[in-house]
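Asks: Take the position in the sequence shown, starting the count at 1, then add 910; the result is the number in the numbering used here.
In case anyone wonders, no lab produced these hints; they're calculated from the structure.
Check before you lean on any hint, since a few could be wrong.
Said to hold, decoys possible - Computed list of lysine-lysine pairs in PhoX-like fashion (alpha-carbon distance at most 20 Å, straight line):
(1) K1184 to K1233
(2) K1128 to K1029
(3) K1115 to K1100
(4) K1020 to K969
(5) K1131 to K1030
(6) K1031 to K1129
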Amino acid sequence: DYLLKPINPNQIVLSIKKILEGKRLVSEKTNSGYQQDFRHLMMAFNDDLNHEEWVDIYKKLVYWELEIENTQNQEMEHVLETQKNEANTSFVRFIEDNYEDWLNDPDSDKPVLSHQILKKKVFPLIENTTPTFFFLIDNLRLDQWRILSVILSEYFNIDVDETYYSILPTTTAYARNSIFSGMMPSDMQKYHPDLWIQEDDEEGKNLSEEEFLARQLKKNKLDIKFSYHKIITQHQGKQVLDTFENMMKNQFNVLVYNFVDMLSHARTDVTMIKELMPDESAYRSLTKSWFIHSPLLDLLKRLSSRKVKVVITTDHGTICVRKPFKIIGDKTVNTNLRYKQGKNLSYDGDDVLVCTKPERFFLPRLNVSTSYVFAVKDYFFAYPNNFNHYVNYYKDTFQHGGVSLEEVIIPFAVLSSK
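Please put together the full structure from these sequences, using the hints given.
Replies: See below:
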């Protein structure tokens, strides 16, 4: 507020009251609005929703999460957290009932999936005269995108603000390779055996993205000049800025940023990051802080003054895991906490999504008895050996690879300069 001289004491009292009452009124309005929506959302969870309606549900939950966060009403935050858990319970059933049909039934009502995103949503944007910049921020959730989009709206028109569905497993090795190849994992293994890296191989799983992209462009008869950049460090981000004018000569430029994914994994291993990211709100705040001070925003600001098309998306989301789920496998089983691939997997309980026929999920089969088991909601897999130590170490960390709204429904946006 502001005051005009000469100042009367009553003016100061009124000004303070206005500020304090304003915050209270905003908080009351938010709580009242959410309470009304709460009932509608709970009723919707029991309906037979389609993939578009689930997107609407998730968008509403994210909206209220950000609104309630501003009120600092902890009681309402707990209510919303409970409702998100209920939503994920219903969403898992939806994926169990529909995911296999999406991949195998050409007539099923399906969302755009990872392997279709470039062909359906990005390639149609490419022109000879206007460069298209495709930014993939690894592991970016919808709530994080909502925070970043507020910053970007100062510089760009956000022409498209949509979502798409990640394939399973919701990991970089599967989902991101699927994006750049335009194929499901088993088809990558079949048609590009020189590029596909098996789960049990120790080498990096995402070292062939540029070649996958080149082959997908060729397959779609796009004879264009393109560039590919993977940015892991701040220094690499600054180096990309130096190639700005060269990129402007290309029709298509792909830039992959790994920081958000590295941040989520660092919360597991680095004590200081755990202190900085005690909860979901802090995770969003730290993502925002990185973005504001990153070479990525510097590059986007430069692009905002040029005639370009900008696409921002991700490969998968992440979820804060809280409950352990015991599983037993042999030494060849992969280490991911949200999905397991292997033979003779043993577990008790129903809080998993099981794929005993990998070909139905278009996933590679390493041997005859290979199966996939996906953690759902906020569960994570733990072995009986050293169970308590394992649980204490990984509980309340951000993981991905399984089935939840946060991991599967992910942002896709198209921006243009103002």
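Asks: If a hint holds in the structure, say so; if it does not, say that too.
Replies: Here is what the structure says about each hint:
1. K1184 to K1233: 18 Å, holds
2. K1128 to K1029: 12 Å, holds
3. K1115 to K1100: 16 Å, holds
4. K1020 to K969: 18 Å, holds
5. K1131 to K1030: 14 Å, holds
6. K1031 to K1129: Judged against 20 Å, a Cα distance of about 16 Å means the pair holds.
The structure fails none of the hints (numbered hints given earlier).
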